[in-house]
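Once you've looked at the hints, dock chain B against the given chain A.
Number of protein chains: 2
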Amino acid sequence: MSTFSKVVICGVGLIGGSCARALRRAGAVKTLTGLGRSAASLERARALGVIDEAATDWAQALDGADLVLLAAPVGATDALVTELAQHLPPHTVVTDAGSTKSDVAAVFAARLSPEQRARVVPAHPIAGAEKSGVEAASASLFDGRRVVLTPLPESSPEAIERVTRAFALCGAHVSSMSPKAHDETFAAVSHLPHLLAFALVDEFASRANASELFRYAGSGFRDFTRIASSHPEMWRDIALANRGNLLEELDRYSAALSRLRSLLEAQDATALEALFQHAKDARSAWLDTLAAG
Amino acid sequence: MSTFSKVVICGVGLIGGSCARALRRAGAVKTLTGLGRSAASLERARALGVIDEAATDWAQALDGADLVLLAAPVGATDALVTELAQHLPPHTVVTDAGSTKSDVAAVFAARLSPEQRARVVPAHPIAGAEKSGVEAASASLFDGRRVVLTPLPESSPEAIERVTRAFALCGAHVSSMSPKAHDETFAAVSHLPHLLAFALVDEFASRANASELFRYAGSGFRDFTRIASSHPEMWRDIALANRGNLLEELDRYSAALSRLRSLLEAQDATALEALFQHAKDARSAWLDTLAAG
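Here the protein sequences line up with chains A and B, keeping their order.
Going letter by letter, the first sequence gives residues 847 to 1139 in our numbering.
Going letter by letter, the second sequence gives residues 847 to 1139 in our numbering.
Check before you lean on any hint, since a few could be wrong.
Since the list gives no way to pick out one identical chain from another, each pair is judged satisfied if it fits inside one copy or across any two copies.
No more than 20 Å apart at the CA atoms, straight line, and that leaves these computed lysine to aspartate or glutamate pairs for DMTMM-like [what the hints assert, rightly or not]:
#  : residue 1 : residue 2
1  : K1026     : D1114
2  : K1026     : D1127
3  : K1026     : E1058
4  : K1026     : E1079
5  : K977      : E1094
6  : K977      : E1119
7  : K977      : D1069
8  : K977      : D1134
9  : K977      : D924
10 : K876      : D1069
11 : K1026     : E1119
12 : K876      : E1058
I should point out that these hints are in silico values taken from the structure, not numbers from a laboratory.
Bound-form chain A, shown alone:
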């Protein structure tokens, strides 16, 4: 007997498709329904065995659904939630996969009734990948990765339990924090580094001697800038959605760089070495906690 009789994936790309594949791997769902604007890409997802059926009609798709995962680009969230408000059956639980959470919480607050919001539990699956599209979807994308739930004030314990169970069945470690704490934390550990990497590569690429510079860039540069190969439109939306926190993080980092610059200008060998050592030790301790699982 499957845990879920029907799960609806709204936006069957890398994240939605991987979630579908992982739930299927777990034998956790009877019917996987894909919902989306493009009939052609839904048909591709069906042909690949990612979903069982394609739907373009909300009422039909949601009929009998235990769970809906909104996994379309965040720019579409408002339109999707507006549709959802008109068609959400009384026993269907909703989650999403957006990288920022305060903005998503605001959309749910604006578009859904308090009764509907009781069945909504926003989530952020931390599974970055440079790839995109349903072809890249993998049943193991979430294995051992974190999924952070950011419940709304109205989210019911039953809804939280159902969403937790779904992501746990996908192989993820599930934890919770408030949308505000989520956006502050990820502004620092994820959004800031992405902006720093994009800024560096853009700046180098804008120079007259760019090809000469890139010729001598090595493996350190390659890893440092890996995240500058991330999806430009997605990161534009994340940066704008988390603008306030990200501006603060940019200011903190600029101040830190400024202090480092002063140490270098003053040739303060002791302080420079101490700063480098502090960073190395902190990173090493962090890697130890990762290895310890």
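Relative to chain A, chain B alone:
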């Protein structure tokens, strides 16, 4: 018949030891002599088969040497070159493995005669590794990597040819530039990213909620900060030695960050996406050139 009858490695750590192992793999040298201050670590290098004999006496070590590689920490360069000046035989060629080159060129200019400098060809093997010590030395460390020669004004064609041959036998791609161009280029593509990574990890680790932040740091953060696990003392020396160029790079990068901050504050979605796309495209083109070899 070996290409070299005797090669002297001064400082048998990761770089010196890997060079020794690579020359041995190539069957290119009859005798590998290690020179260094610590008899115990030279003995370890000999026991590991990295060198054939350990020397602590310069005159004895250099007697009959075709090539000397200075691979001790850069802080020792001045003292080593002072010794070298007193003992350099007339047919021995000298190279080094320092990550900055203008400072090294200045030491050679100060300590050696013009005739001696004709036989000196400074080099920078681009083979970063978080490991250090002779135990980590590997015959394949330089395979497919770049070695940049920065000849002195006096370096003779014969000396350049000999050093080129040695690094090519180690498996590296050898090219040349001036010490000034080298230090400008590497300030941008290597030294700046190291400082940016060290600064970020140091700043996070200094916060009250550091452990909470690190808990949510993912694979993007891990790769972005890999170079913050580099050797603190070595990077202190590199930063100080290349201070002028690095201060300029920090200023350029701070200005770029400032522009990015303005776009974000103004919510300029079009310009943000264009910047991210420009970076992604440039990195993608660079990866293509790497793949093409």
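* Asked: Within a copy, between copies, both or neither: where do K876 and E1058 come within 20 Å Cα-Cα?
  -> Cα proximity of K876 and E1058: none, with 56 Å in one copy and 38 Å across.
* Up to 20 Å CA-CA - D1127 versus K1026, copy category -> neither (29 Å within a copy, 33 Å between copies)
* Is it within, between, both, or neither for K977 and D924, if the alpha carbons may be no more than 20 Å apart? -> neither (25 Å within a copy, 50 Å between copies)
* Asked: Checking K1026 and E1119: alpha-carbon separation at most 20 Å within a copy, between copies, both or neither?
  -> For K1026 and E1119, neither the intra-copy (36 Å) nor the inter-copy (25 Å) Cα distance is at most 20 Å.
* Asked: For the identical chains here, do K876 and D1069 meet the 20 Å Cα criterion within one copy, between copies, both, or neither?
  -> neither (41 Å within a copy, 39 Å between copies)
* For K977 vs D1134, is the C-alpha pair at or below 20 Å within one copy, between two copies, both, or neither? -> This pair counts as between: shortest inter-copy Cα distance 16 Å, intra-copy 28 Å.
* 20 Å Cα threshold - placement of E1094 relative to K977 -> Answer is neither: 29 Å inside a copy and 35 Å across each miss the 20 Å cutoff.
* Taking 20 Å as the upper bound on the Cα-Cα distance, should K977 and D1069 be classified as within, between, both, or neither? -> Both ways: K977 and D1069 sit 16 Å apart in one copy and 17 Å across, limit 20 Å.
* Asked: Under a CA distance limit of 20 Å, which applies to K1026 and E1079: within one copy, between copies, both, or neither?
  -> neither (23 Å within a copy, 39 Å between copies)
* Asked: Between K977 and E1119, at a C-alpha cutoff of 20 Å, which is it: within one copy, between copies, both, or neither?
  -> Result: close only across copies, 18 Å inter versus 38 Å intra.
* Asked: When no copy is named, should K1026 and D1114 be tagged within, between, both, or neither for a Cα gap of at most 20 Å?
  -> neither (39 Å within a copy, 23 Å between copies)
* To do: Tell me, please, which holds for K1026 and E1058 at an alpha-carbon limit of 20 Å: within, between, both or neither?
  => between (44 Å within a copy, 14 Å between copies)
The structure shown violates the earlier hints numbered 1, 2, 4, 5, 9, 10, 11 and 12.
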